[in-house]
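Visitor: Using the sequences and the accompanying hints, generate a full structural model.
Chains as they are written, first to last, in the working numbering: chain F, 119 to 382; chain E, 119 to 382; chain U, 119 to 382; chain L, 119 to 382.
Don't take each hint at face value.
Since the list can't tell identical chains apart, any single copy or any two copies may satisfy a pair.
Lysine-lysine pairs mimicking DSS-like chemistry, simulated, CA-CA at most 30 Å apart [claimed, not checked]:
id, residue 1, residue 2
1, LYS315, LYS153
2, LYS171, LYS153
3, LYS237, LYS262
4, LYS153, LYS304
5, LYS237, LYS167
6, LYS304, LYS237
7, LYS304, LYS244
8, LYS153, LYS167
9, LYS244, LYS315
10, LYS262, LYS304
No wet-lab data here; the hints were simulated from the structure.
Letter by letter, the chains look like this.
There are 4 protein chains.
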Amino acid sequence: MKIGKATTPSSAICTSDEDTIVVRGRDLCAEVIGKLSFTEYFFLLLTGKAPTKATLKVLDATLVAITEHGLVPSVQAARMTYAASPEALQGAVAAGLLGCGSVILGASANAGEMLDEVKQRMSSGKSLQDSARDVVSEYRAARKPLPGYGHPLHKSRDPRVSALFNTASEAGSDLSYVEIAEEIEKVIPEIVGKPLKLNVSAAIPAVLLGAGFPLQALRGVPILARSAGLVAHLYEEQQSPIGFALSYQATREYEYTGDMPSND
Amino acid sequence: MKIGKATTPSSAICTSDEDTIVVRGRDLCAEVIGKLSFTEYFFLLLTGKAPTKATLKVLDATLVAITEHGLVPSVQAARMTYAASPEALQGAVAAGLLGCGSVILGASANAGEMLDEVKQRMSSGKSLQDSARDVVSEYRAARKPLPGYGHPLHKSRDPRVSALFNTASEAGSDLSYVEIAEEIEKVIPEIVGKPLKLNVSAAIPAVLLGAGFPLQALRGVPILARSAGLVAHLYEEQQSPIGFALSYQATREYEYTGDMPSND
Amino acid sequence: MKIGKATTPSSAICTSDEDTIVVRGRDLCAEVIGKLSFTEYFFLLLTGKAPTKATLKVLDATLVAITEHGLVPSVQAARMTYAASPEALQGAVAAGLLGCGSVILGASANAGEMLDEVKQRMSSGKSLQDSARDVVSEYRAARKPLPGYGHPLHKSRDPRVSALFNTASEAGSDLSYVEIAEEIEKVIPEIVGKPLKLNVSAAIPAVLLGAGFPLQALRGVPILARSAGLVAHLYEEQQSPIGFALSYQATREYEYTGDMPSND
Amino acid sequence: MKIGKATTPSSAICTSDEDTIVVRGRDLCAEVIGKLSFTEYFFLLLTGKAPTKATLKVLDATLVAITEHGLVPSVQAARMTYAASPEALQGAVAAGLLGCGSVILGASANAGEMLDEVKQRMSSGKSLQDSARDVVSEYRAARKPLPGYGHPLHKSRDPRVSALFNTASEAGSDLSYVEIAEEIEKVIPEIVGKPLKLNVSAAIPAVLLGAGFPLQALRGVPILARSAGLVAHLYEEQQSPIGFALSYQATREYEYTGDMPSND
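Guide: Okay, here's the thing in structure tokens:
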């Protein structure tokens, strides 16, 4: 039995023979290793083009901004997994990445789509303010959350937001999505009835889209960033284990709400 | 029931409150975002110290060297997974990383341990050549493979090896592990009976250990690197799917070797 | 920093002390081990109730129906992962399960929701035929695929469908969702313009919902079933490896569509 | 580039065409669905043979014994993952399985190897007691832990042990590995200096090896069992979420041990 389509697999990313590895049209060994930083190379692999200086600055800043935020659930899951399966570091990193889904880190990509919707309204002649109001109102009407606004810990603005916006501004990167993100923040109180401040999940697409990062690839940014954070945590876990201690603490006040056997 | 130890979890990596995120003793927003590259930050998170220029150069080069090598098994697994589960990019990246184990990318860490064993012999006064010979002979006697030597495709030396060694040399990084790696390559023919050339898995620890990267954290390097390659492949998969085509091709000549039902 | 909610974790599934493990109100060692089959226990853990004989028969049949279907993409991904990382069987199973997503095995849960929508229309007095027509028409209008109808290989009806329906019928299980599934199959040609036959993904919820299996838990059924199939494949992989051969075959006709370096 | 071997993939597990699915020589739809339980089918897929009644009884009992043990680390990791990524149930199950590694559930397979070593000594004529003593002494000399003996919670014998041994005995299954396991328990105090009671990880191979379950496939048993437990927990998580509450509790007493920024 054959599963899948009878087509020939192709890719524009890499080819190689015994002597040469070609990536995106460049000789890996002659033109890339030692010449490009890891971040520059990531952008090249993803888009086929080397980043400009401004784009590189912005991409490095966004990766740095979300690499690490302490013992968040995905880091806890990874450290518990490593404690139980120290033979497979890759499994513990994978377990941590599996928590980079829609609720937490996936919000960046959703926020990017919202910003892009506003941008599209503007390209048909509507003002920034009206476009932002329309999109926020439509999200509210459809009872969709506003991705990238509000944060359980940072009730005022998430401090990473300004750091990212300043970096984009100093790098001379396009700020049009930043303006959109800030306009959305401004119109939220009147439409939603309470202030929801920009958090890092909206700031990331705001600066990345302006820097030419593809909208459809946004979900990959937190995943790559967290891989670095997870590797750091798992190295610490190897040296100073807390995986099982986290698990102990988590259930210290555990309540069983089911039935007990009747002892007849 | 409590699982795990009754100890308090601690970590030296990150803390935060409503206004500030502190990573390795630095204010993330004031001192890190926009100031450090992703690679610099990775080294800081992992070791607690900022990398020197030479270390940064070498770490970037090693990450770049192993980020991508075409449609290797782990990339195929990731693209098939994404084709079947496009709602979960994180799952496809995780599936790809799960193939970064002992046989393929895990060889870097094992090679690092072998280089380090030679180094330790030397620190007790033995010559480089004798130390290399002893360690290679012991691996052979124990029937252990020599991790980082030999490659199915690159029968002569993997071209990434020279690129990494040149980068380390130009950056002014410590080359003592590079010398060890080359000495091992020299003594292999007489001991093993055939030439096994240095491949990228031995070159990575050779340059990284000289640059001050922790031996115990080597396994994390290919995992982080491949995350970037996987994100690039999965973005291409989203735009130009081949996941099911790979699966079709893989079983075009499939043979079922079991029994068939008897049609009585 | 605290992530998450300040509430006390509770669960109705299990509690234990030094002498006793209680699951869903029963003493695991005195009342469950050796008394319940694995399938009965799965239903008990999931719902808190032991299955009736009819429910058990149907649940066993559905699990059996989707445990195995040859070298499908998720099995290929798992075998490639195991070949690269033989130290971590759990990682290879996980890689295989990560392909049990929305496109392939996730269709069962989506089909269950479609059947349930028809059921709900009927409970407000509409006829089976009208309810089925309305729901299929609405899916078409919204350009949503009809989950569980059509199959790339089994152009006529998937043979597993009748086997499941017969099992449910012989077991005396409620067949009302089976009737809904068959009515949908009947109305498809006029609405869609081509016949799309019931496949196993619609047959599974058709029999399971009638057997009292919770709609919201349907996604777990193929995941559990495939775990068994993956363990069998990975045991065969350990004894007769084909993981790398699959990868080789998959790229035999690979085409690189990117640029080549200019050799100036 | 081609990765992998130029061989044709083959498998003895399954083949299919448009009308028939054949598994291990049987017609899935005519001979398996509705006829075999999930556990019987798992054994058939794995070994190519249907289990005897005694083997089925023992295999069901072992699967049941380790499906569930409350909010253990892998369940916590899975529930945290699901809370963050509810769009991907398969990812949360995978995250949980990734913790089924060497330290916790992997012990079953290691214990099986230890029992088998004793069995092999006996087959060369040595007594049960001497064989057990020799193997335990060798493990101690090599500073290897004794897998399957001792338990953090169940200081006396894990109650699942007797339940499994009784099931095997009542089913008329071969008890020779059970005798080995109990002999090891007897000789431990004199060799190790303290009593380490049989736990479920040694009891599982003790009954399964006697029932004809393949030694090399033991690692798959807890993985399959835990898949069922994880699906039950994740269904409860969907209905009554505690994933983020677990994470909150885990870090309530978190201590940051790194430096703080100097505020100059």
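Visitor: Out of the numbered hints, which ones does the structure contradict?
Guide: The structure breaks none of the hints.
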